[in-house]
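There are 2 protein chains.
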Amino acid sequence: MLYRVYLLIIGFCLAFSSFVSAQTDQDAFYIRKIYDVALQKGKAYDYLYHLSGDIGGRLAGSPQAAAAVEYTKQLMDTLGMDEVRLQECMVPHWERGGKEEVRIVNSSQVGSLDLKAASLGNSIGTGPMGITAEVIEVQQLDQLDSLGAEMIEGKIVFFNRPMDPTQINTFSAYGGAVDQRVFGASRAAKYGSVGVLVRSMTTRKDDVPHTGVMIYEDGVPQVPALAISTNDADLLSRVLKREAVNVYIQNNCRNLAPKKSYNVIGEIRGSEYPDEIILVGGHLDSWDIGGGAHDDGAGCVHALDVIQVFRRLGYQPKRTIRCVMFMNEENGQAGAIAYRDASMKAEEFHLAAIESDRGGFTPRGFTCDAHESVFEEKYRKLTSWLPLLEPYGLRFKKGGSGADISRLKPQKGMLFGFEPDSQRYFDYHHTAIDNIDAVNKRELQLGVAAMTSLVYLLDQYGI
Amino acid sequence: MLYRVYLLIIGFCLAFSSFVSAQTDQDAFYIRKIYDVALQKGKAYDYLYHLSGDIGGRLAGSPQAAAAVEYTKQLMDTLGMDEVRLQECMVPHWERGGKEEVRIVNSSQVGSLDLKAASLGNSIGTGPMGITAEVIEVQQLDQLDSLGAEMIEGKIVFFNRPMDPTQINTFSAYGGAVDQRVFGASRAAKYGSVGVLVRSMTTRKDDVPHTGVMIYEDGVPQVPALAISTNDADLLSRVLKREAVNVYIQNNCRNLAPKKSYNVIGEIRGSEYPDEIILVGGHLDSWDIGGGAHDDGAGCVHALDVIQVFRRLGYQPKRTIRCVMFMNEENGQAGAIAYRDASMKAEEFHLAAIESDRGGFTPRGFTCDAHESVFEEKYRKLTSWLPLLEPYGLRFKKGGSGADISRLKPQKGMLFGFEPDSQRYFDYHHTAIDNIDAVNKRELQLGVAAMTSLVYLLDQYGI
Numbered sequence: 001m002l003y004r005v006y007l008l009i010i011g012f013c014l015a016f017s018s019f020v021s022a023q024t025d026q027d028a029f030y031i032r033k034i035y036d037v038a039l040q041k042g043k044a045y046d047y048l049y050h051l052s053g054d055i056g057g058r059l060a061g062s063p064q065a066a067a068a069v070e071y072t073k074q075l076m077d078t079l080g081m082d083e084v085r086l087q088e089c090m091v092p093h094w095e096r097g098g099k100e101e102v103r104i105v106n107s108s109q110v111g112s113l114d115l116k117a118a119s120l121g122n123s124i125g126t127g128p129m130g131i132t133a134e135v136i137e138v139q140q141l142d143q144l145d146s147l148g149a150e151m152i153e154g155k156i157v158f159f160n161r162p163m164d165p166t167q168i169n170t171f172s173a174y175g176g177a178v179d180q181r182v183f184g185a186s187r188a189a190k191y192g193s194v195g196v197l198v199r200s201m202t203t204r205k206d207d208v209p210h211t212g213v214m215i216y217e218d219g220v221p222q223v224p225a226l227a228i229s230t231n232d233a234d235l236l237s238r239v240l241k242r243e244a245v246n247v248y249i250q251n252n253c254r255n256l257a258p259k260k261s262y263n264v265i266g267e268i269r270g271s272e273y274p275d276e277i278i279l280v281g282g283h284l285d286s287w288d289i290g291g292g293a294h295d296d297g298a299g300c301v302h303a304l305d306v307i308q309v310f311r312r313l314g315y316q317p318k319r320t321i322r323c324v325m326f327m328n329e330e331n332g333q334a335g336a337i338a339y340r341d342a343s344m345k346a347e348e349f350h351l352a353a354i355e356s357d358r359g360g361f362t363p364r365g366f367t368c369d370a371h372e373s374v375f376e377e378k379y380r381k382l383t384s385w386l387p388l389l390e391p392y393g394l395r396f397k398k399g400g401s402g403a404d405i406s407r408l409k410p411q412k413g414m415l416f417g418f419e420p421d422s423q424r425y426f427d428y429h430h431t432a433i434d435n436i437d438a439v440n441k442r443e444l445q446l447g448v449a450a451m452t453s454l455v456y457l458l459d460q461y462g463i
Numbered sequence: 001m002l003y004r005v006y007l008l009i010i011g012f013c014l015a016f017s018s019f020v021s022a023q024t025d026q027d028a029f030y031i032r033k034i035y036d037v038a039l040q041k042g043k044a045y046d047y048l049y050h051l052s053g054d055i056g057g058r059l060a061g062s063p064q065a066a067a068a069v070e071y072t073k074q075l076m077d078t079l080g081m082d083e084v085r086l087q088e089c090m091v092p093h094w095e096r097g098g099k100e101e102v103r104i105v106n107s108s109q110v111g112s113l114d115l116k117a118a119s120l121g122n123s124i125g126t127g128p129m130g131i132t133a134e135v136i137e138v139q140q141l142d143q144l145d146s147l148g149a150e151m152i153e154g155k156i157v158f159f160n161r162p163m164d165p166t167q168i169n170t171f172s173a174y175g176g177a178v179d180q181r182v183f184g185a186s187r188a189a190k191y192g193s194v195g196v197l198v199r200s201m202t203t204r205k206d207d208v209p210h211t212g213v214m215i216y217e218d219g220v221p222q223v224p225a226l227a228i229s230t231n232d233a234d235l236l237s238r239v240l241k242r243e244a245v246n247v248y249i250q251n252n253c254r255n256l257a258p259k260k261s262y263n264v265i266g267e268i269r270g271s272e273y274p275d276e277i278i279l280v281g282g283h284l285d286s287w288d289i290g291g292g293a294h295d296d297g298a299g300c301v302h303a304l305d306v307i308q309v310f311r312r313l314g315y316q317p318k319r320t321i322r323c324v325m326f327m328n329e330e331n332g333q334a335g336a337i338a339y340r341d342a343s344m345k346a347e348e349f350h351l352a353a354i355e356s357d358r359g360g361f362t363p364r365g366f367t368c369d370a371h372e373s374v375f376e377e378k379y380r381k382l383t384s385w386l387p388l389l390e391p392y393g394l395r396f397k398k399g400g401s402g403a404d405i406s407r408l409k410p411q412k413g414m415l416f417g418f419e420p421d422s423q424r425y426f427d428y429h430h431t432a433i434d435n436i437d438a439v440n441k442r443e444l445q446l447g448v449a450a451m452t453s454l455v456y457l458l459d460q461y462g463i
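In the order they appear, the protein sequences are chains A and B. Letter by letter, the first sequence follows residues 1 to 463 of our numbering. Letter by letter, the second sequence follows residues 1 to 463 of our numbering.
Hints listed in this document are in silico derivations from the structure and should not be mistaken for laboratory results. Some hints here could point you the wrong way.
Treat identical chains as interchangeable: a pair holds within one or across any two.
In silico DSS-like pairs for lysine-lysine, Cα to Cα no more than 27 Å straight-line [what the hints assert, rightly or not]: (1) Lys345 - Lys409; (2) Lys241 - Lys259; (3) Lys43 - Lys205; (4) Lys41 - Lys205; (5) Lys43 - Lys398; (6) Lys33 - Lys397; (7) Lys73 - Lys41; (8) Lys41 - Lys260; (9) Lys41 - Lys241; (10) Lys345 - Lys205; (11) Lys397 - Lys378; (12) Lys33 - Lys205; (13) Lys41 - Lys398; (14) Lys41 - Lys116.
Let the sequences and hints guide you as you build the complete structure.
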């Protein structure tokens, strides 16, 4: 009797293991098909060509952002999704206002010299006359407290701490320096500074200024803030080592009344578990001075092409696959907040969400995050998929997802950040050179394949 | 008694493991220092700027190749090595001879149309009058056998099988298509073909022709062979689907008498095991139509900067570190053969050799190879180093090293190929656009750090 039970158990195990391995073979085959289609019939690069090349920079509130909403909505309509809709949100409306100038004046070393500059997002303008003041260089926000009003009042504060080039992941280096850009103006204005210059956020030495968001603190006087290129930051710093110099700054930035804008949302409803949502998305807005190709045109077209690839494969998902173009990630995340609020109100469940917002470079894998009560269990499941993904150079890394989707954490699904190679991202980030010619088609399409493959596994097996 | 033996064993184990982990900590610390120096004080990009930008394409036998020998020798002299020397070798001397033309004539669809073309290395010239003949398209070398002289005689054979874009590693795709370029001319000439056109070796669709070596078979008539860009290959193929067309080809290539050239070799002698050589190298020659920046300027400056970084760190190796610039990898490997012959004659032992010849992109790790009698044992040792290298995105992969060092296999050392990300390599390979502006400084310097770290571990612990 016992013998028969053993036989039964052994038989069951064999059947089960061959079932599992047949599943794995089938999955490996399907993922191979996904890669074949994404690399041969992918459309992400074509989409990006229009979004970044023709429409261009898409700052929230701008006509280009409106055009991007319309374009991606129309595109989703052509992809035959079950539903395509716009989701309203109110976005800040900041305008650069054209020409901006930063000039060293009266230097005995360099005379009068223009620096490559770009106003930071949300900065007020100087007015047409500009501001001329002596410059004081600092490396850390905290340094301001020890310098005090005595040293700072009436001056332009120049934040010059470089991004650490020895960090292997450039996003860590960015995280270690960006406080100067975001908070520098108000911290300096507390001590009477009249304006702020910030070293551009890149490890490169070049002539390209990098803009990006800055935030004024309530109750502190607002002063204009501009980024200067790293070459010019080095130059200004050298000049300051030998003499006190005045700098003239002039820009025409304006904060206008908030405007109505939209997230663009399309979905294919799941055949078995329609209430389990798998989100893929990027943010549709960008900064204004370049084409927003890597940030985050690439993420948008990654997500759109996931849908196109599934369509071309004739794939009918078991779960609902939702493609979301978030509005206004760069300047307050109004779109992400509107999306979260609506989703919570509707008591939706995002089984998973994947955000691509780190550029269109060669895929390395996904970072992942979830509510701590469920993270480890879900992560174990993920690692069981590695044999299917490692042949494509993909792995999972604990920690972090994306700015727009992280607000969905209370729903206790798994949140992923698509992670491409990070080395070139901050060559282009928030600059006038973040254009389609900075994107390699093959690298971009590999990103589509990586994301589609993960969505496929999530859809097949849940998590 | 037994109890005491246990205690002794446990004590020994604890001491040993803390010794091991102290070693590991120290190694981790040193590798971190290597990365810091390579990323902040590395010189590879500056070296490459001169080698690729100022000297330019360095085809074996050319004045530029001679200049590159002189430059890298002088550079090694400044790095304070124990010995710097030139090693003679006789290299083929092929000249492109300036202007080359491929033109569709008499097409009812496109009229008379110039195609972007580059003669293949070693090709004979057509003479000043050129050759005009009907074109026949094939996909595979074997197809020629079934077509036979009846279909081929008097025609130009057009090899048009694309590199497979669905291969994740682009070198595999290259390996699957390059037979057309290397052997196509003689295979076609056997059946009376008068010339050969080959689709360029890249997955991109663009207007850039890719040259590269072709080899004539003994006893078969030699016919001219040229590559055309992938866009033009697609165009020609479309035209041929609707009508027979003639193509005019004209080039002025010449094979001249072999010339004397040199490998450039510098070494720092080991303090403890001077007879155990660790080689780092790349090949100094390149094709002539571009700056040979990724192929293989990058590999040369990787190897040179390994020495510079060690010097800056004040590192005194236990084993001999030898930096080798191989001559003529592209067109027969005369330098590699001369090096191997001299090394065998001197009964040298290369404990390890690392060749960088896959471009200056973000490092992924190293492929490795060794005589089969020792491979598995050595590979196990390598994997024990992974905890030190994985934080930098590096891993080891079985199989393959480099064209120049693979001849050292009988010495039973470990042979490594530096492996960067492969996605963009064939955008530039053997083209007029393989120039310094195609190289990202940070990606290049990360390659230096990766190679230096591996040399450090090999030097510390042997293998």
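Taking the hints in turn, this is what the structure says about them:
Taking the shortest Cα distances, Lys345 and Lys409 sit within 27 Å of each other inside one copy (15 Å), while across copies they are farther apart (67 Å). Taking the shortest Cα distances, Lys241 and Lys259 never come within 27 Å of each other, neither inside one copy (45 Å) nor across copies (55 Å). Taking identical chains as interchangeable, the C-alpha atoms of Lys43 and Lys205 lie at most 27 Å apart only when they sit on different chains, with a minimum of 15 Å there against 34 Å within one chain. Taking identical chains as interchangeable, the C-alpha atoms of Lys41 and Lys205 lie at most 27 Å apart only when they sit on different chains, with a minimum of 13 Å there against 38 Å within one chain.
Taking the shortest alpha-carbon separations for Lys43 and Lys398, neither the intra-copy value of 30 Å nor the inter-copy value of 35 Å comes in at or below 27 Å. For the identical chains of this complex, Lys33 and Lys397 are neighbours both inside a copy (25 Å) and across copies (25 Å), given an alpha-carbon limit of 27 Å. In the homo-oligomer, the alpha carbons of Lys73 and Lys41 lie at most 27 Å apart inside one protomer (21 Å), although the nearest pairing across protomers, at 49 Å, exceeds that limit. Proximity of Lys41 and Lys260 under a CA criterion of 27 Å is satisfied in neither setting, with 36 Å inside one chain copy and 50 Å between copies.
In the homo-oligomer, the alpha carbons of Lys41 and Lys241 lie at most 27 Å apart only across protomers (22 Å), although the nearest pairing inside one protomer, at 56 Å, exceeds that limit. Within a single copy, Lys345 and Lys205 get their C-alpha atoms no closer than 48 Å, and across copies no closer than 48 Å, so neither meets the 27 Å cut-off. With identical chains, the CA atoms of Lys397 and Lys378 are at most 27 Å apart within one copy only, with a shortest distance of 13 Å there and 29 Å across copies. For the homomeric pair Lys33 and Lys205, the shortest alpha-carbon distance between copies (22 Å) is at most 27 Å, but the shortest distance inside one copy (42 Å) is not.
In this assembly of identical chains, the alpha carbons of Lys41 and Lys398 never lie at most 27 Å apart, being 32 Å within a copy and 32 Å across copies at closest. In this assembly of identical chains, the alpha carbons of Lys41 and Lys116 lie at most 27 Å apart only when taken from different copies (26 Å versus 41 Å within one copy).
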